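Trainee: Residue numbers (this note's numbering), protein chains in the order written: chain A, 24 to 241; chain B, 102 to 284.
Hints are computed from structural coordinates only; laboratory data are not their basis. Quick caveat, the model's predicted, so the values are computed rather than measured. Certain hints may be false.
As the list claims (entries may be wrong) - Negatives, chain B to chain A, calculated, CB over 12 Å:
id, residue
1, Ala133
2, Glu134
3, Arg138
4, Pro140
5, Thr155
6, Gly157
7, Trp173
8, Ala187
9, Glu202
10, Val210
11, Phe211
12, His216
13, Leu217
14, Thr269
15, Ala270
Unchecked claim - Straight line, CA to CA, 27 Å or less: simulated DSS-like cross-link-like pairs of lysine-lysine:
id, chain 1, residue 1, chain 2, residue 2
16, B, Lys282, A, Lys138
17, B, Lys185, A, Lys173
18, B, Lys282, A, Lys173
19, B, Lys196, A, Lys165
20, B, Lys214, B, Lys203
21, B, Lys282, A, Lys189
22, A, Lys189, B, Lys196
23, B, Lys260, A, Lys138
To be verified - What follows is a list of derived Cβ distance ranges for each label pair:
id, chain 1, residue 1, chain 2, residue 2, range
24, B, Ala133, A, Gln114, 33 to 41 Å
25, B, Ser137, A, Glu126, 38 to 46 Å
26, A, Glu166, B, Gln212, 19 to 27 Å
27, B, Ser181, A, Ala197, 28 to 36 Å
28, A, Gln159, B, Lys257, 42 to 50 Å
29, B, Lys245, A, Asp171, 44 to 52 Å
30, B, Gln231, A, Ala228, 35 to 43 Å
Ideal placement from N, C-alpha and C gives every residue a C-beta, glycine not left out.
These are the residues of each chain, in order.
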Amino acid sequence: MKHWMNRLNVAAWGVALVGCATEPAPNSPAQPATAQSVVAVPSVVTVPAEPPPAEHTGEAESKAHDDTALLAALPSAKLDLARGIAQAETQGARAISAKFELEDGKLSLSVYTAKKGIELDAEHNVLAELSGDPTQAAWQPKEEVFADVKHITRASYHLTLVQRSKMTLAAVIAKALAQQPGQVYSVEPAIHERSPIFHVMIAKAGGGQVKVDVESGA
Amino acid sequence: MTLFRMGQLRGLMLGCAVALLASGTRAENSDAELLSRLPKSKHALQEALDAVRTAGGVPISAKLEFEDGKLWLSAYGAKSGLDKCAEKNELFELKGDATVEKWSPEREVFQDKEHLTRASAQLTLMQTTQLTLDIAVAKADAMKKGSVYSAIPTLKDGKTAINVRIRTANGQGIAVVIDGKAQ
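For reference, chain B alone in the conformation it holds in the complex (with noise of 0.2 Å):
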């Protein structure tokens, strides 16, 4: 390994506060099958995050999902960005079908309680921070441990992070923390 090398990896590890989460807990468990699915996308996160944007929005997170017996390329985003707390925003999901050439997703604006609190959440934290999720994502891609599934801002020890899982080779997720304060 080269010194710059080496110096890239020291930096993205300062920039970061990685937690590699081994498997075997409920959320893993339940994400078998989803693992076992992700290889027949067709479509990264990054292209669910550029739609919200293509949308007119913000993206405040990413996932792909087995649901109905389908994987979905799914984003939540905030139609009048960060700038705009949850109450005067319109927070809403671009999501399709995640299999397919063309990933076409359709536009479902949130009504309903399960879906406002946790994009309303998602959105106060991505407004408590500097961190997008393309760079949380880039990060994670760059530790080069497989390949990105999920993006979602969380708490961590009352901080803004974002919790990115990847899918390592050998079919295993994993949990990557990006501290809120990387840039």
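Just chain A, same shape as in the assembly (with noise of 0.2 Å):
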């Protein structure tokens, strides 16, 4: 079990892992298909039956149409994603996922957060957004502290499945890019197989993207 719990699984989108929002069109520009994203995808799928697995809020799986135009805007980006996060956990604060997106066109960089940390859980915790414009020399966030059941629901079970794992989310994106080099633009924890995972997007250095999901270890 153990070199299961250890390994990295790089997965195409649609393939094996059933999300919680819409998947993305089977010829959506934004599909990558290379050999090497369908290469781990067995070892997923041949986990001894259990029942059947949660979904995961796939977030990253519903922009999928988004994506062409958010890679093409990356490159703008002045920070990477692990120097957003880092930005974001001060004063006690945990980052929970993040993400570069494009909001009415600009590139944003979005990092949800726990304010209090991820020892109290989500009901006695503070939870937000930091967002801001990456492409300026010093990233300056707006702060959103979420009242809306959208955004509640979401971060808690983001925060719940960081405090299911045992891993930061900078640990993850280091482990995802020692797998597959590039630019990683979306981080955000999952359920697979009743397990906390971590969804990876990674643009390529040589174009389109990839999605690599590194096991939590819980």
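Could you fit the two chains together into a complex? Lean on the hints.
Mentor: Below, the structure written as structure tokens:
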């Protein structure tokens, strides 16, 4: 089992993992079709039979159709995801997911945080988002403390999975990049076969993107 | 005790990480009124778990609680089951007077922060274990320490577990933590 817990899976869009959000269309231009992205998938599906896996948020998946434009905008970012996460993790806050995204056509860096750290559960924490323009010399995000159903439930899910895992987002990114060099543009916790994992989206140097699933070790 | 029964007990101990917590904590002090009222309940926790399923959902926690001068039986549920994350689910509570002959719970879909965060975390925890609340309650019942009045998923040492609370025959509250890997 240990080897299973430690491995990295590089998975294609729409293969093996069922998302909580809408899957991209089969012919989506954002859909990578590399041989590499299929290699590790069999090891995902050959895990001994269990009850149906819980779905994960897969927000990255729901945004897949936007990724072509997003990938084109990424080089204009002045900081990478890991630096944004480090900047967000001040005064006891812990990042629970992070991503670059296009907001009204403009590149934005968004980091969800648990402001009281990950020792406190969602109910007793303050769940917030730091988001701002990453193309400026200094990233100066605005903070929004979540008050709406969609973001409260999403952030509670992210926090609970980070609490369940044994890895920081920084460590997840480092592990994913060791497997697949490139620019990480999204990292978010999810569930696969009853275990916490992290979906990491990486823009490849030669173009296109790949999703790397990092198992949390939990 | 027969060998068979000793084996059963050993199996139970292996399957569960059991933590019997002595009374006297702040939580238990606040439980004092609840513990004194529990014998008035005409309904067991299992009834609330079954009601959530009858309503088409999957139970993610259940408890008897004392609130506004009344004893209530309550269960939280996820309408779309464990296959949908909190954001894509509908999180609700069935809650009704536990002291009347027929339990007639009202259904509330959560919209407020306190209940959404709590129910979202509970759903996520239940999604990361194969243990069900029914099994956890059954395991706690099998210990014959008293009557179960609460079953709530929790994190213990970074793992999913279910915290089951029991009222003993002498009216004390104890907690039994059922390991999420127990089946």
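Trainee: For each hint, tell me whether it holds in the structure or not.
Mentor: So, going through the hints one by one against the coordinates:
1. Ala133: holds (23 Å)
2. Glu134: Answer for B/Glu134: holds, closest chain A Cβ roughly 22 Å.
3. Arg138: holds (25 Å)
4. Pro140: With a cut-off of 12 Å, B/Pro140 remains clear of chain A, as the shortest Cβ separation is near 30 Å.
5. Thr155: holds (20 Å)
6. Gly157: holds (17 Å)
7. Trp173: holds (19 Å)
8. Ala187: violated (4 Å)
9. Glu202: holds (34 Å)
10. Val210: violated (10 Å)
11. Phe211: violated (8 Å)
12. His216: violated (9 Å)
13. Leu217: Label violated. Min Cβ-Cβ 5 Å, cutoff 12 Å.
14. Thr269: Per Cβ check, B/Thr269 is outside 12 Å of chain A; nearest 28 Å; holds.
15. Ala270: Holds, because the least Cβ-Cβ distance between B/Ala270 and chain A comes to about 32 Å, which exceeds 12 Å.
16. B/Lys282 - A/Lys138: Answer violated: B/Lys282 to A/Lys138 is near 30 Å, above 27 Å.
17. B/Lys185 - A/Lys173: holds (14 Å)
18. B/Lys282 - A/Lys173: violated (30 Å)
19. B/Lys196 - A/Lys165: violated (40 Å)
20. B/Lys214 - B/Lys203: Given pair B/Lys214, B/Lys203 is violated - Cα atoms ~31 Å apart, limit 27 Å.
21. B/Lys282 - A/Lys189: Judged against 27 Å, a Cα distance of about 17 Å means the pair holds.
22. A/Lys189 - B/Lys196: Given that 27 Å is the threshold and the Cα spacing comes to 36 Å, the pair is violated.
23. B/Lys260 - A/Lys138: Roughly 22 Å between the alpha carbons, so the hint for B/Lys260 and A/Lys138 holds.
24. B/Ala133 - A/Gln114: 33 to 41 Å: With Cβ atoms ~38 Å apart, the hint holds.
25. B/Ser137 - A/Glu126: 38 to 46 Å: Because 55 Å falls outside the window, the suggested range is violated.
26. A/Glu166 - B/Gln212: 19 to 27 Å: Holds, at about 23 Å.
27. B/Ser181 - A/Ala197: 28 to 36 Å: holds (35 Å)
28. A/Gln159 - B/Lys257: 42 to 50 Å: holds (44 Å)
29. B/Lys245 - A/Asp171: 44 to 52 Å: Between B/Lys245 and A/Asp171, where Cβ atoms are some 46 Å apart, the hint holds.
30. B/Gln231 - A/Ala228: 35 to 43 Å: Hint holds: Cβ distance 41 Å, inside 35 to 43 Å.
Of the numbered hints given earlier, the model fails hints 8, 10, 11, 12, 13, 16, 18, 19, 20, 22 and 25; all others are met.
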